[in-house]
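Undergrad: Sequence:
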Amino acid sequence: SDHMENICGYLMKYTNLVTGWQYRYFVLNNDAGLLEYFVNEQSRHLKPRGTLQLAGAVISPSDEDSHTFTVNAASGEQYKLRATDAKERQHWVSRLQICTQHHTEAIGKNNPPLKSRSFSLASQGSANSPGVQRRPSQNAVSFFNVGHHRLPTGKRVPIMQPDHLVDVREMMSQAEGQQRDLIRSIECLPASGHLTSLDQDLLMLKATSMATMNCLNDCFHILQLQHASQQKGSLPAGTTISWLEPKISLANHFKNGAAQNFPAEINKPASVREEQSIAEPCQLTREPEEINPDEELEDICDDKEDDLGAVEEQRSVILHLLSQLKLGMDLTRVVLPTFILEKRSLLEMYADFMSHPDLFVAITNGSGPEERMIRFVEYYLTSFHEGRKGAIAKKPYNPIIGETFHCSWRMPKSSVATEAGTSSSAHSPSEQVAPPKDAEGQAEPDCYTVKFVAEQVSHHPPVSGFYAECVERNMCVNAHVWTKSKFLGMSIGVTMVGEGVLHLLEHGEEYTFSLPCAYARSILTVPWVELGGKVNINCAKTGYSASINFHTKPFYGGKLHRVTGEVKQNMTNTVVCRVQGEWNSVLEFTYSNGETKYVDLTKLSVTRKRVRPLEKQGPFESRRLWQHVTESLRDGDIDKATEHKRALEERQRNEERLRAETETPWCTKYFLKDGDGWVYHKPLWKTVSAAQTQQTDSN
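Going by UniProt numbering, the first residue of the sequence shown is number 1, and it counts up by one from there.
Some clues are possibly wrong.
[To be verified] Here are the computed lysine-lysine pairs in the BS3-like style, where the Cα-Cα straight-line distance is at most 27 Å:
(1) 534 with 395
(2) 413 with 451
(3) 686 with 673
(4) 616 with 559
(5) 603 with 413
(6) 451 with 616
(7) 616 with 13
(8) 541 with 395
(9) 87 with 559
(10) 603 with 559
[To be verified] Label pairs and their calculated CB-CB ranges:
(11) 593 with 22: 50 to 60 Å
(12) 613 with 673: 29 to 39 Å
(13) 97 with 674: 46 to 56 Å
(14) 205 with 536: 47 to 57 Å
(15) 596 with 570: 39 to 49 Å
(16) 614 with 660: 29 to 39 Å
(17) 50 with 412: 50 to 60 Å
(18) 663 with 16: 33 to 43 Å
(19) 16 with 574: 50 to 60 Å
(20) 616 with 22: 48 to 58 Å
(21) 23 with 171: 31 to 41 Å
(22) 412 with 615: 21 to 31 Å
(23) 675 with 593: 57 to 67 Å
(24) 574 with 97: 23 to 33 Å
It should be emphasised that the hints constitute simulated quantities derived from the structure, not laboratory data. Positions of the beta carbon are idealized from the N, C-alpha and C atoms, including for glycine.
Could you build all of it, start to finish, from the sequences and the hints given here?
TA: Right under this line is the structure:
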């Protein structure tokens, strides 16, 4: 109690993107458990401009700098505040935490146990709530009043028929809706008073109901597998197993448990029917498909992720999610809310790292091994900036197994650096030069073409393979990446496990490289992306290597997005180039001869990728597969986006279970397993080698 002191003073409060930070006078009222603020000290006798209940709140120092902290109330409301220095921040944070703990514990002590109270959660809902409209036999009490029944001795349990599975799925849908109503009713309770949303018994009820539904879903899965095993026979080679999904309306399934008659298939939204019918048996082939670059058109999509609206509105959902996570928890199997997704698949994000194809092609034009290694480092460091869409950290879609993405880039040969010192887009940034075209729209021979393909080759663990090549320059890159996500408190860390290899066939050189870790910081306020870790680039043939450090921002002071590195000749241990700067701003290259070059990444010309129209894409290509999720996110319809996303994920899970039950292995389309990695099925080095062998034999 000695530490329970009322403190007051000026703090800066973040209002919005337009107004920004403003000085406000804050008062901590320990007796009432309130944090209040006024326009200034003189208006303290007036009504506060804002008030937060501290019971159940979370007080978090920000990792953006040493002055900022956030107060996240149990209601979902949040204050983002900034003190004058680190010492003042610590003073406010410690006093707020003590007050919060005191009032949170007091609520638990003052409220009697749940069993001694008489109340109805259903009465908390509105008259329009689906819970009010249910038949008497479907209320929560009767639904969860499960009895134990013994089967007559010697009688066999009848096998579920397909129509029975539909009935079970319908009942499951209603149960899930009722469980959501229960959760919503609890969360709508006030933060203080006789019955609160923080009551320990109610929190236990929430957890128990969720566990019950998970158990019921597992039981339903057993019934599905039982039915599948009854139908299993000898499957012809190459048969694709269809997803075992009962024919019910997803729109009704995701409504809050309304007791409705589920309509026939014809009443289902067309987009959901399409998502559920992609994997019909024997209709899809896993044979590699040759993509004609002439069918691809310049991409016109420009989905910048700068909108904070959805994140601001859904903060309570984020808080609820964070409350269920533990430090170090693997997030691979955690389903994250839809509103934090950016409007592209992870496979397309890998393609966007190739947005400077002129720098990529220019690598092989280096006059010697030293210059080629430096050019590769330059390309490598410029790739991450364009790979991010906007300043807000959002998560790309998790690719489903078998998903693919194709695209290409065309650039005039004149835009690619040849010798050292030759002008290019890397040295003198300029507007993008469109490749010349003939009357039929095809690129002339004075253009280079870089083709890209990516495939999700594994679901658990989530592994992606991607490959890019420029046939005209006899160069290609092959890589595989396993993304491992972990919860770090106020951040999420993503480790990119895997390796890439750049092949310069003209010189017989191979450059192996890895990728840095990525971090989503300040996930409760304005999330932003940071790269961290050490990566290495090596060329065994030439003996040149590069070591690059992506520096995370220290807790006190320091710059954001800092990167340093050096290129050296291993035999002599001589450093031939040093680099420093920010990976999303300006990079400074200093060479052994004393020359210095600056590359402003914000002014580098970007070559737009070329993608086939949706109507020409296969059903498992990223943009067509996720098109309804993307359209819903663009329209700001989070519920509809969640519906489509859930349909895709549920279908993938059901197919995976069925493959396991029928012992049917998954066959990849473009990539083959090679040791611990994955390699493109028809890489350029094999094609060139075969052509050279054939030419030798003919001579």
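Undergrad: For each hint, tell me whether it holds in the structure or not.
TA: Status of the hints after comparison with the structure:
For the hint pairing residue 534 with residue 395, the CA-to-CA distance comes to about 23 Å; that is within 27 Å, so the pair holds. The suggested pairing of residue 413 with residue 451 holds, with an alpha-carbon distance near 16 Å, which does not exceed 27 Å. Distance hint between residue 686 and residue 673 is fulfilled; the C-alpha atoms sit about 16 Å from each other, no more than 27 Å. The hinted pair formed by residue 616 and residue 559 fails the criterion: a straight-line CA distance of about 46 Å is larger than 27 Å.
Between residue 603 and residue 413 the alpha-carbon distance is near 20 Å, which keeps this suggested pair within the 27 Å criterion. With a CA separation close to 17 Å, the supplied pair residue 451 and residue 616 stays within the 27 Å bound. Between the alpha carbons of residue 616 and residue 13 the distance comes to roughly 51 Å, so the proposed pair goes past 27 Å and is violated. Of the pairs offered as hints, the one joining residue 541 and residue 395 is violated, with about 38 Å between alpha carbons and a cut-off of 27 Å exceeded.
The suggested pairing of residue 87 with residue 559 holds, with an alpha-carbon distance near 20 Å, which does not exceed 27 Å. Simply put, residue 603 and residue 559 have alpha-carbon atoms about 21 Å apart, close enough for the 27 Å limit, and the pair holds. The hinted window of 50 to 60 Å between residue 593 and residue 22 holds, with their beta carbons roughly 52 Å apart. Between residue 613 and residue 673 the C-beta distance comes to about 33 Å, which sits within the given range of 29 to 39 Å.
At about 52 Å, the beta-carbon gap between residue 97 and residue 674 stays in the expected band of 46 to 56 Å. Evaluation of the 47 to 57 Å hint for residue 205 and residue 536 yields a pass: the beta carbon distance comes to about 52 Å. Between residue 596 and residue 570 the beta carbons are some 24 Å apart, a value that contradicts the proposed interval 39 to 49 Å. Checked against the hint of 29 to 39 Å, the C-beta distance between residue 614 and residue 660 comes to roughly 32 Å, which is consistent with it.
Between residue 50 and residue 412 the beta carbon distance is about 57 Å. The supplied range of 50 to 60 Å therefore holds. Checked against the given bound of 33 to 43 Å, the beta carbons of residue 663 and residue 16, roughly 56 Å apart, lie outside it. For residue 16 and residue 574, the hinted distance range of 50 to 60 Å is satisfied, since their beta carbons lie about 53 Å from each other. Against the hinted window of 48 to 58 Å, the Cβ-Cβ separation of residue 616 and residue 22 comes to about 52 Å, which satisfies the hint.
For the pair residue 23 and residue 171, the beta carbons lie near 57 Å from each other, so the given range of 31 to 41 Å is not met. For the pair residue 412 and residue 615, the beta carbons lie near 29 Å from each other, so the given range of 21 to 31 Å is met. The hinted range of 57 to 67 Å is not satisfied by residue 675 and residue 593, whose Cβ atoms lie roughly 41 Å apart. Look at residue 574 against residue 97: about 54 Å separates their beta carbons, and that is not inside 23 to 33 Å.
Checked against the numbered hints above, the structure violates hints 4, 7, 8, 15, 18, 21, 23, 24; every other hint is satisfied.
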